[in-house]
Every structure is written in C-alpha cells, then in structure tokens.
Amino acid sequence: MADEPLVLGIETSCDETGVGIVHGTTLLADAIASSVDTHARFGGVVPEIASRAHLEAMVPTIERALKTAGISAKDLDGIAVTAGPGLAGALLVGVSAAKAYAYALGKPLYGVNHLASHICVDQLEHGRLPEPTMALLVSGGHSSLLLSTDITSDVRPMGATIDDAAGEAFDKIARVLDLGFPGGPVIDRLAKEGDPKAIAFPRGLSGAKDPAYDFSFSGLKTAVARWIEAKRAAGEEVPVRDVAASFQEAVVDVLTRKAVRACKDEGVDHLMIGGGVAANSRLRALAQERCERAGIRLRVPRPGLCTDNGAMVAALGSEMVARGRAASDLELSADSSLPVTDPHVPGAHAHDHDHVHEVSKENLYS
Amino acid sequence: MDTATPAVTVALHDGEAVVASSTRVDARRHGELLLPAVDRVLAEAGLKLDAVTGVVVGVGPGPYTGLRVGLVTAAAFSSALGVPVHGLCTLDGLAYASGIDEPFAVATDARRKEVYWARYDDHRTRTTDAAVDRPADIAESLAGLPVVGAGARLYPEAFPDARDPEHQSAAALAALAAERLAAGDAEGFLDPLPMYLRRPDAQVPKNYKVVTPK
Ligand SMILES: [Zn+2]
Chain A
9 MADEPLVLGI
19 ETSCDETGVG
29 IVHGTTLLAD
39 AIASSVDTHA
49 RFGGVVPEIA
59 SRAHLEAMVP
69 TIERALKTAG
79 ISAKDLDGIA
89 VTAGPGLAGA
99 LLVGVSAAKA
109 YAYALGKPLY
119 GVNHLASHIC
129 VDQLEHGRLP
139 EPTMALLVSG
149 GHSSLLLSTD
159 ITSDVRPMGA
169 TIDDAAGEAF
179 DKIARVLDLG
189 FPGGPVIDRL
199 AKEGDPKAIA
209 FPRGLSGAKD
219 PAYDFSFSGL
229 KTAVARWIEA
239 KRAAGEEVPV
249 RDVAASFQEA
259 VVDVLTRKAV
269 RACKDEGVDH
279 LMIGGGVAAN
289 SRLRALAQER
299 CERAGIRLRV
309 PRPGLCTDNG
319 AMVAALGSEM
329 VARGRAASDL
339 ELSADSSLPV
349 TDPHVPGAHA
359 HDHDHVHEVS
369 KENLYS
Chain B
-17 MDTATPAVTV
-7 ALHDGEAVVA
3 SSTRVDARRH
13 GELLLPAVDR
23 VLAEAGLKLD
33 AVTGVVVGVG
43 PGPYTGLRVG
53 LVTAAAFSSA
63 LGVPVHGLCT
73 LDGLAYASGI
83 DEPFAVATDA
93 RRKEVYWARY
103 DDHRTRTTDA
113 AVDRPADIAE
123 SLAGLPVVGA
133 GARLYPEAFP
143 DARDPEHQSA
153 AALAALAAER
163 LAAGDAEGFL
173 DPLPMYLRRP
183 DAQVPKNYKV
193 VTPK
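Protein chains in written order, with our numbering: chain A, 9 to 374; chain B, -17 to 196.
Treat the hints as calculated values from the structure; they're not laboratory data. A virtual CB, placed ideally from N, CA and C, is assigned to each residue, including glycine. Be careful, since some hints might not be right.
On the chain A side, residues computed to face chain B include the following (Cβ under 7 Å) [stated by the list, open to error]:
1. Ile57
2. Leu63
3. Ala112
Given the sequences, and given the hints that come with them, work out the whole structure.
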C-alpha cells in the first residue's frame, strides 16, 4: 500500500470539472463542479459555456480535492488529465491546468483517454480489473462496447453507436415529452410506474444480418416521437409513464443483449458497465439478470463514479504509474477525437527515457 | 505570459529588465506551445520556476479558447507555487510596446470581422474600456489617430495609420507590470479573469422538431 502511486486526475471533457485523487486503487478525494444547470435551458451542453465554467472552477476544484484528501501536492507521484475524446475547448482547460501543475511541481504528466478512464474507475469500487474485461460505456456522449486485456495499453473497440449516443436518446425523448434536461433520471423515475411492454418500440440493429455489437438509437427516437405525435394529433392523452417505460426497455434491451453476446463470443466472464446511463436502474437490473443467466460477473460502479469525474482519470493515471508507462510531454495536445485504442498519450521522446523528467531536473524545484 | 491573441508569448523580468523571452505566433496551438515556452525562457535565464515571485497574465480581450490557456496556466502556477497573479489588459501590453506618446488606439483581431480596441493618451495610459466593434463603426471616431496592433493591419481602410507592434509581447507586458509593481500601483492591475466581451453563442431551442411527415 505504501508503495502505491498517489495520483491527481483532472477531467474536463464535457460539462463537469472533476478532480480526483487516488492512492493505488483507493479513492481519497472526488471533487466536482458541474455546469449542467447552466446548460439545462439550452436542452444540451453548450461548448463555450462549458469551457468558461471549467476555467472558473478548475483551480478551486483542484485545491478542494487536495484539501479533502489531506495531502500536499508535493507528495503526488503524477498528474493525470483527460487528453480526449471530448469537447476541444473544454479539454484544453484541463490539459493546460494539468501541465502547469505538473511543471510547477516537477511531477510526471499523463494525458489519458476518457473512455479507458470510465472503465478503470471500477478499480476504486471493486478492486483490480479482471483481464480481460468487457466494458459497456453508455452516456450522453458515448455508447461503446470495448474489450480490454490491459487498461493501460490494450483497449479494443468491439462496437459503438452508428448514430446517437444512448444518453442523447434519453434527452431527446424527454424533450418530446416536455420533461426537461437531462432526460435520463426523469425517464428512469417515470418508467418505474409504467408498463415496459405497453408499446413495442423497435430494437435498432437487431436483425440477423446487422453488425452484432453496434448500436443505433436514431430510428428508435424517431419511432417514439412519431408515436407520441400521433396520439397528440388524435387528441388523445399521451401515457407518459408507459412511453417512458417502453422506450427505456427498448434501449436497455439492446444494450444488455449485445454486451452479453460479446462476452459469450469472446469467452470473457466479466462485464463492466460505466458512463452516465449506467446509473439507470432498469439497465442495472436487466444486465444483472442476463449476466447471471449467462454466468458472467457484472461490475457496475456506484452512480457517482459512472458519470464523468476526476477520480476515474486519477484511477487510470495511477495504473499508468504502477505499470511504468511513459509520461506525456509538455507539448501534450487536447485531442477531441483521441482514438479509444490509445489509453494514453506518451511523449514524443518517450523512448529515450523520460523527457519530462529531463526537463524537470534542469528547471524545476531542486 | 499572454495567450489572448495569436501570439503565445512568455517573458521573465527581474524587476529591472527582461531577462529572457519567447514569442511564437500560431493561433491554433496555444495549448501545445505555452508550457514549452515557459520552460525555454527559464532555461535561458538559468532559473527554476520557484524563483518566480509573481505571475503577470494578459486577460484579453481575446477570442475564447486560446485566452483560457494563459489564464488557467497562471492560476495553476499561482496555486502550486503560492505566488500572486496580476492581470493586465492585453491591449495595454501592445500600447506600452508602441512607446507612442500622443493619443492613439490599439486594435487586435476579434475575428468575425470585428476588432477588440481601446484608446490611449500615451503608451501607459488607457482612456477607454476595451470594446469589440466592426472597424467601419469606429473608423470615424478614431480618424487621424495612429492604431497599433494586428487589427489595424487587417482593416487598412478603417485604420490607415497602422503602427508597430503587430503582435503582443510578454516582454512589454512584464515591463509594464514591473513598473506598476515598483510604483506600488495595486490599482494598475485587473483580476486575472477572462475578458471575453461577447456572450457565448447559444440559443434556447424553441421546441423540438416534429418528425411526423406533413
Ligand atoms: Zn464520459
């Protein structure tokens, strides 16, 4: 335990300014400042508003995390930051802050992948990730099925959405039903009082010839909107609870069916589910049911760790340090489309030992 | 340091003179260029970052993304090193560098066919708040005045008397700050907060788009 890496992680890829501190796989602090309320009236995240909020919240959130963890920044073994994917201007605030702290403190910098971080965060809840692990990541920004044999070096995309992210579909249907933004929590709540079998909404990409692990939610979204519009046009009352339950069932049915199938096909006996939609109670219940039937162990972090946060970035950074991965250099870019196959962004000079450390010897604290 | 304009510029000042500086003009790579520039400037001076007793940062006005790089870097340095951050209007750096001692204006590129600008009585004294406008709309009120900065060169019809410098230099910004610090002029600094002068582009959606064919 004493030798485990102490790492601070910064996440600013969307609308949450997150700073986490972990010691190995132990969470010490998870500070968050969210601009979600500011975006609500726009019905979605506005990039410039998110970036402005990150700048305002960044340093205070770092200081709050250090205080909560009860450590001094000088004790850190590294600083990790989401390098991508995400909103370019939003990522840039976190990456710039991480670089400045790393440089000022003479600590190695690790630019890491947001999606790999979503997977790695489960180590803080359920201990070391089994290798291999199948991961289903679902949120307003992503819907991906990923297979990882080593979260610091090998993440393979099995499938992804070909149109909307799952969380986006929740937001859009909530808007059609006048339920506000974000749509996930309110639909989950109303669906509990509705009948999931009331309306047979389509299951996207579920035909025999469709790609086995890809998702599509755009057709479902249109089908639900049309169904509601038809009711309204006929002057009938829209059964909001039944619509919510039937829509939600169509989403989680496809997600869990494909995830379990991927596990079986690849002979993987662990499935982890992460991302904001992993907080959905029906997704959790159905995944549990289907995994049990298939003999697969399900790992889902608590909701607070599923949504975007700094702890997940720190968790992956800690793993990078523990496994001796090369640090990033001071030229590190915020890369809005960082491929999921790059769990981190090693420096250009990583091969001739550690560039960042070479710089620090000359110019930082002696 | 200042990243509010296309220049990524860093300088080290020892209270008497600029010791080292670095300026690169590349509007798309503020994030990549700033920290290596800080590192280069310190290395040239043979100093470490912990020798720094204060950070001066240009707060803009500037078009969004790049501006935030300098501000968050300054705030992080301040937090990590326990030193103060002093904000200065970016236009004041350009004005100071011009050395002009008669009334003039500074104009930088605000994109979208607009400029950020302000008026000065001399290179130390700004007489208006920074603003953002279309060149044609302010040309008349600035007629006959020299105009410093890239905004003047971009719109020669509105600003026929363009003067140097074209780009911001942290050396000038640091020298101006050192002068004010030495004079105990605390009023001479701004809070290190971004000066955007524009609201974010965001529209409240009226209603969702109906999908049923008409
Ligand atoms: Zn995410």
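For each hint, the structure was consulted:
1. Hint status for A/Ile57 relative to chain B: holds, with the closest Cβ pair at about 5 Å, below 7 Å.
2. Contact between A/Leu63 and chain B, as hinted, is supported at the beta carbon level, the nearest pair being about 5 Å apart and thus within 7 Å.
3. For A/Ala112, the suggested interface contact is upheld, since its CB lies about 4 Å from the closest CB of chain B, less than 7 Å.
In the structure shown, no violation is registered for any of the earlier numbered hints.
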